[in-house]
Each structure stands twice: as structure tokens, then as C-alpha cells.
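**Student:** Residues per chain are reported as follows:
There are 2 protein chains.
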Amino acid sequence: MQLLKEKIINEGIALSEEVLKVDSFLNHQIDPVLMAEMGKEFARYFNNKGKKITRVLTIESSGIAIGLTTALELGVPLVFARKKKSLTMSNDIFVAKVYSFTKQESNDITVSKRFLSSDDHVLVIDDFLAHGEAALGLASVVEQSGASVAGIGIVIEKSFQAGAEKLKEAGYDVHSLARIKGMQKGKVEFMEEELVK
Amino acid sequence: MQLLKEKIINEGIALSEEVLKVDSFLNHQIDPVLMAEMGKEFARYFNNKGKKITRVLTIESSGIAIGLTTALELGVPLVFARKKKSLTMSNDIFVAKVYSFTKQESNDITVSKRFLSSDDHVLVIDDFLAHGEAALGLASVVEQSGASVAGIGIVIEKSFQAGAEKLKEAGYDVHSLARIKGMQKGKVEFMEEELVK
Chain B
117 MQLLKEKIIN EGIALSEEVL KVDSFLNHQI DPVLMAEMGK EFARYFNNKG KKITRVLTIE
177 SSGIAIGLTT ALELGVPLVF ARKKKSLTMS NDIFVAKVYS FTKQESNDIT VSKRFLSSDD
237 HVLVIDDFLA HGEAALGLAS VVEQSGASVA GIGIVIEKSF QAGAEKLKEA GYDVHSLARI
297 KGMQKGKVEF MEEELVK
Chain Z
117 MQLLKEKIIN EGIALSEEVL KVDSFLNHQI DPVLMAEMGK EFARYFNNKG KKITRVLTIE
177 SSGIAIGLTT ALELGVPLVF ARKKKSLTMS NDIFVAKVYS FTKQESNDIT VSKRFLSSDD
237 HVLVIDDFLA HGEAALGLAS VVEQSGASVA GIGIVIEKSF QAGAEKLKEA GYDVHSLARI
297 KGMQKGKVEF MEEELVK
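Residue numbers (the working numbering), protein chains in the order written: chain B, 117 to 313; chain Z, 117 to 313.
Keep in mind that the hints were calculated from the coordinates and are not lab data.
Be aware that a few hints might be false.
[Claimed, not checked] Straight-line C-alpha distance at most 35 Å; calculated DSBU-like pairs for lysine-lysine:
id, chain 1, residue 1, chain 2, residue 2
1, B, 123, Z, 156
2, Z, 137, B, 297
3, B, 213, Z, 284
4, Z, 123, B, 165
5, Z, 156, Z, 200
6, B, 167, Z, 121
7, B, 229, Z, 301
8, Z, 168, B, 156
9, Z, 168, B, 229
10, Z, 121, B, 156
11, Z, 199, B, 156
12, Z, 200, B, 137
13, B, 199, Z, 165
14, Z, 165, B, 303
15, Z, 282, B, 199
16, Z, 213, B, 219
17, B, 303, Z, 200
18, B, 199, Z, 301
19, Z, 213, B, 213
20, Z, 199, B, 121
21, Z, 156, B, 121
22, Z, 200, B, 282
23, Z, 137, B, 200
24, B, 303, Z, 123
[Unchecked claim] Heads up, incomplete: computed chain B residues facing chain Z, CB under 7 Å, no partners named:
id, residue
25, 206
26, 207
27, 209
28, 211
[Stated by the list, open to error] Just a few of them, taken from the derived set where beta-carbon distance is under 7 Å, the chain B residues facing chain Z:
id, residue
29, 180
30, 181
31, 187
32, 194
33, 300
34, 304
For each residue, glycine too, the CB sits at the ideal point set by N, CA and C.
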């Protein structure tokens, strides 16, 4: 998505070969117009694929804004999973363990059983895809409920890390709005664009 | 706001005299259409007051959705403050201490100095107003930057707790979309509506 790539080039800061800082428009300060446009793009892509999405699922905090604009465009509710340090044992929630490579710790993500049912077709949305842990955790929550994963929408995919490949191998339809081939301090290189179907 | 009150009556669950559960549309599952309408109402109210808002400030996680629709309607960036358990000493951030009566602990909220400047007129947005701690913390962050607080927009005000009074005494223009006079288990009573200017 051209608008997003331009934002990354103009405002993103590659701090190292692995860390891209985008806090001026994505995960601390938020550009609402960009969010709305990205929500439209996710809706367009998955509608074109004939997916009958009934809910959008994301994870707090950075997924909420892009989840919301996508849900608004699709006309369905948004659910955001909560992160907890320790396991809350409860019969009322779905739980998945998510390992953070950045923080080197596991967190549980939880969703109330009231907000996912076996009839649902769920679009999973997240801001970043690196090792795929968060997206796989969200997909696991969906599958625990008996619902189906209609697809996975990602704002920024770090294509040089393992997540995208893992998700595709697991059979998910992944749509990433910007795909980064590699980074060096101060420099971001994007994957060549395939024609989007 | 009638739409919100109906949601609270139909889907909100008063668990006690103090706790109102609204996780089916506000802070776990989110109703995007309601969020969009509430964002329009905040923009309408504060535009009518002649406030030239340049930024919206809220707090993760539950403030992000309503902050985003408000910022989208006003055509300005959204900034969300982060919650931290312990103080991150840094010259790059504004910090305020926020006491949670529910959790009986203090957290720091932080905002990068890059995203607030002395020229800004900032609309503070939050989902709940009870004792006023979060809103006062956000206002403190705004004032540390030299910016002005253009107003405070609240989705649900528990008018029987001290927060609303505290904010008004401090001179802030507070606009709450639903004002709850009192609760009993299973029952919510709203304040009588003044005519909104």
C-alpha cells in the first residue's frame, strides 16, 4: 500500500536490522486518516476473496486502532484480546500463550467466550508480523471457539523474519500492507510488489 | 447521548453499586458504529464551543477506540499514553502518576515529548470517569508540555463518584455522553438530561 510505504519512508526510523520505530503514526501517535485507509484496504481485499467476515479480532494495545477501522468498514464488531502476565484460570475465557522475542517472555492472551462462537468467520488483524507469535495466538483463540479464521491482515510485515512463512504454511490467507525485505540502521528496503489480486 | 444510554440499558451489567460491565460494546468487544457516533458527538460539542483542537490524547487500551473516532472526526492526530508499572526515567517523556482505586496501585502514564508541544490545544478523551485519576493524569501530561487542555470528553461518567466534580473545580470543560446517578446490582439510573448547548 503506497500511502503506508511513504509514511514508513518519511517517518519510520530503522533503529537496527530488526527494529523499526513507527511511533509517530502507528503505535503511540496515530494518524487516523491512514488508519481509515488501511481499514478500507483490508475490507476490500477480504471482501474480494468472498470471505463472509462476522468479527474482527486483534490484540491490545497497538492493534485496536487498525482493528477498529477495519471492523467499521466491514460492518462487524471488533474484539480485542487482552494480554496478561500470568494465567488467569477461568472457564469463561479462551487463552493462548504468546512468546515475545523482544521481551523474551511469555504472556497469555485472553478472550471472553461470550465474544466468539462456532458460527463466526473471524478476520485477525495486527500491526506487526515478525515471528508470528501474536497472530498464531489469535488464530488459536479463534479455533478454540470452533470459529474459522477468514484471514490475517497485517500492517507491517518483516518478511525477513519467520512469521509470514509460518502463517502461510499453516494455510492462512495473509494480507500485509507493507512488506519489508530488510533493514539497516537508517534504511528500509521493501519487497517487490506483486500485482494484488 | 441516547444511543449510548440504550446500549448501557440493554447490554450493560451493573455488578454492584460501583462496577458497571460494558465489555460487550466498549472495552473488550467494541461496537464500531457506536464508537463512530460518539466520536462525532465529541467533535460536534467541542467544535461548537469554538475550541481549535490540534490533538486528541487518551490512554491505552480502552481509550484508543473512542480516541480514534474522535480524532478522525476532528481531522487531527491521536496520541495514546502508555501505562507502565514502574517509572521509566527518561528525558524524552512526560510522566504522570495515576492511582487506580480498583487495583489499589499507582501506575505511571507516559507520553513521548515528540508528540505534544506548547502550541497544542489538546482534547483529552477517556472511556470512564470515576475518581478522575486518569483524566487528571492526562491533563497533567498536557500541561507539562506547555499545551492547553481544550476539554475532556468522557464516554461514561459515574456521577456519584468524585471525578466529575474534581475536573470541573479544576476548570476543565467536561462533556460526558452518559452520566450515571447511581447503580444497584442489575439496575442503572441516569442523571436527568440538561439541554445540551
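**Student:** Run every hint past the structure and note whether it holds.
**Tutor:** Okay, the hints, checked on the actual structure:
1. B:123 / Z:156: holds (26 Å)
2. Z:137 / B:297: With Cα atoms ~44 Å apart, residue 137 (chain Z) and residue 297 (chain B) exceed 35 Å; violated.
3. B:213 / Z:284: Distance ~44 Å between residue 213 (chain B) and residue 284 (chain Z) Cα, so the pair is violated.
4. Z:123 / B:165: Between residue 123 (chain Z) and residue 165 (chain B) the Cα gap is close to 33 Å, so the pair holds against 35 Å.
5. Z:156 / Z:200: OK: residue 156 (chain Z) and residue 200 (chain Z) at ~31 Å, within 35 Å.
6. B:167 / Z:121: holds (33 Å)
7. B:229 / Z:301: The given pair, whose Cα atoms are some 23 Å apart, holds under the 35 Å limit.
8. Z:168 / B:156: holds (28 Å)
9. Z:168 / B:229: Roughly 43 Å between the alpha carbons, so the hint for residue 168 (chain Z) and residue 229 (chain B) is violated.
10. Z:121 / B:156: Roughly 29 Å separates the two Cα atoms, so the pair holds.
11. Z:199 / B:156: holds (30 Å)
12. Z:200 / B:137: Within the cut-off at roughly 19 Å; holds.
13. B:199 / Z:165: Between residue 199 (chain B) and residue 165 (chain Z) the Cα gap is close to 39 Å, so the pair fails against 35 Å, i.e. violated.
14. Z:165 / B:303: Outside the cut-off at roughly 45 Å; violated.
15. Z:282 / B:199: holds (32 Å)
16. Z:213 / B:219: With a Cα-Cα distance of about 24 Å, the restraint between residue 213 (chain Z) and residue 219 (chain B) holds, given a limit of 35 Å.
17. B:303 / Z:200: holds (30 Å)
18. B:199 / Z:301: holds (28 Å)
19. Z:213 / B:213: holds (31 Å)
20. Z:199 / B:121: holds (29 Å)
21. Z:156 / B:121: With Cα atoms ~29 Å apart, residue 156 (chain Z) and residue 121 (chain B) stay inside 35 Å; holds.
22. Z:200 / B:282: The hint holds at about 32 Å.
23. Z:137 / B:200: holds (19 Å)
24. B:303 / Z:123: violated (48 Å)
25. 206: violated (14 Å)
26. 207: violated (16 Å)
27. 209: With a minimum Cβ separation of about 10 Å from chain Z (threshold 7 Å), the hint on residue 209 (chain B) is violated.
28. 211: violated (14 Å)
29. 180: holds (4 Å)
30. 181: It holds, given that the least Cβ distance between residue 181 (chain B) and chain Z is near 5 Å, below 7 Å.
31. 187: Hint on residue 187 (chain B): holds, closest Cβ of chain Z at ~5 Å, below 7 Å.
32. 194: holds (4 Å)
33. 300: Interface hint status for residue 300 (chain B): violated (23 Å vs cutoff 7 Å).
34. 304: violated (20 Å)
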